[in-house]
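Given chain A, put chain B in place with the hints provided.
2 protein chains.
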Amino acid sequence: MSVYTTDYIGVIRTQFTELAGMPVQPAGADEDAFEGEVIINEALAEGLRDLDGFSHIYLIYHLHKVTETKMIVIPFMDTLERGIFATRSPSRPSRLGMSIVRLLEVNGNCLKIRGADMLDGTPLIDIKPYIQAFDCPNNPSCGWMSASREDVRKKRSDDRFV
Amino acid sequence: MSVYTTDYIGVIRTQFTELAGMPVQPAGADEDAFEGEVIINEALAEGLRDLDGFSHIYLIYHLHKVTETKMIVIPFMDTLERGIFATRSPSRPSRLGMSIVRLLEVNGNCLKIRGADMLDGTPLIDIKPYIQAFDCPNNPSCGWMSASREDVRKKRSDDRFV
Numbered sequence: 001m002s003v004y005t006t007d008y009i010g011v012i013r014t015q016f017t018e019l020a021g022m023p024v025q026p027a028g029a030d031e032d033a034f035e036g037e038v039i040i041n042e043a044l045a046e047g048l049r050d051l052d053g054f055s056h057i058y059l060i061y062h063l064h065k066v067t068e069t070k071m072i073v074i075p076f077m078d079t080l081e082r083g084i085f086a087t088r089s090p091s092r093p094s095r096l097g098m099s100i101v102r103l104l105e106v107n108g109n110c111l112k113i114r115g116a117d118m119l120d121g122t123p124l125i126d127i128k129p130y131i132q133a134f135d136c137p138n139n140p141s142c143g144w145m146s147a148s149r150e151d152v153r154k155k156r157s158d159d160r161f162v
Numbered sequence: 163m164s165v166y167t168t169d170y171i172g173v174i175r176t177q178f179t180e181l182a183g184m185p186v187q188p189a190g191a192d193e194d195a196f197e198g199e200v201i202i203n204e205a206l207a208e209g210l211r212d213l214d215g216f217s218h219i220y221l222i223y224h225l226h227k228v229t230e231t232k233m234i235v236i237p238f239m240d241t242l243e244r245g246i247f248a249t250r251s252p253s254r255p256s257r258l259g260m261s262i263v264r265l266l267e268v269n270g271n272c273l274k275i276r277g278a279d280m281l282d283g284t285p286l287i288d289i290k291p292y293i294q295a296f297d298c299p300n301n302p303s304c305g306w307m308s309a310s311r312e313d314v315r316k317k318r319s320d321d322r323f324v
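The listed protein sequences derive, respectively, from chains A and B.
Per my numbering, residue 1 is the first one in the first sequence, and the count goes up by one each step.
Per my numbering, residue 163 is the first one in the second sequence, and the count goes up by one each step.
Bound-form chain A, shown alone:
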């Protein structure tokens, strides 16, 4: 078997209905203006128990509006061509998106989040807690990406991956 298949576990609700003009990563959207909701299928709501103790969570989702796969791209935060796996660009073979968002509230099967950098209606595949002891490597080097969190905050997407 060389194909992976899974059911969606829910959907992400945001203010964004088109791929241009969006924040680049939750790092560019850590403001009240970028709140959103995650609605989990009710049959899975029990699995959200204890999630409210975490301030940040990974959302792993399907970049469902992307149509082209490219091996070489110019990422939003750069001006040069890069290999797709050295970027977070959406035109990747898997079409998997990943965002670390701030978790504001859990209400039954509904999460309120800040840092919503995805399209409204994006299908959700998994949620994982952000765990500092697992997820924060010491002194990482980050290749071509020299922009600061502040640079990211000022950046918006354009239509290059539509």
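It is worth saying that the hints were derived from the structure and are not from the lab.
From a predicted model like this one, the values you see are computed outputs, not experimental measurements.
All C-beta atoms, glycine included, are put in the ideal place defined by N, C-alpha and C.
One or more of the hints may lead you astray.
Said to hold, decoys possible - Straight line, CA to CA, 30 Å or less: simulated BS3-like cross-link-like pairs of lysine-lysine: (1) K274(B) to K232(B); (2) K70(A) to K274(B); (3) K112(A) to K232(B); (4) K232(B) to K316(B).
What the hints assert, rightly or not - Covered stretches of chain A, as calculated for chain B (at least 3 residues, CB under 8 Å): (5) 4 to 10; (6) 47 to 53; (7) 127 to 138; (8) 146 to 160.
Chain B in isolation, oriented as in the chain A frame:
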């Protein structure tokens, strides 16, 4: 459509052939003893360009040997029951695993990594670069998970998710 489907992009080679006795996350495997290889399908090797500038990468993979889905689990690093989405346990609906590993070398379509905490033969779905400006939230709170990186290093998996 309520199903996500994608092709594997490669395979992960490690020393582990069974699910018990493994490190818990790459944080428990940051030693020479836990090196492994990632072999990318040759048709996608061009997409690895520039990846060698990054010291750490996310591997997103299929936990292909897990057979049971559970909404409530006792994670390896805890003694109490938790909701599956508040843990990194494998019995999750998506069967998606995620590890931040150290990238030691890129040779054509083959990556040498350290922090290999997955089974040998694990099918790979995506690679993303670890980018500090995106991936390192300030002062995260981490719920039930009070263990330090050092605690994680001492821990090994057992057969609870087999």
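Status of the hints after comparison with the structure:
1. K274(B) to K232(B): Judged against 30 Å, a Cα distance of about 33 Å means the pair is violated.
2. K70(A) to K274(B): 24 Å, holds
3. K112(A) to K232(B): 24 Å, holds
4. K232(B) to K316(B): Holds - the C-alpha atoms of K316(B) and K232(B) are around 26 Å apart, at most 30 Å.
5. 4 to 10: Answer holds; 6 residues pass the 8 Å Cβ test.
6. 47 to 53: holds (count 7)
7. 127 to 138: holds (count 11)
8. 146 to 160: holds (count 5)
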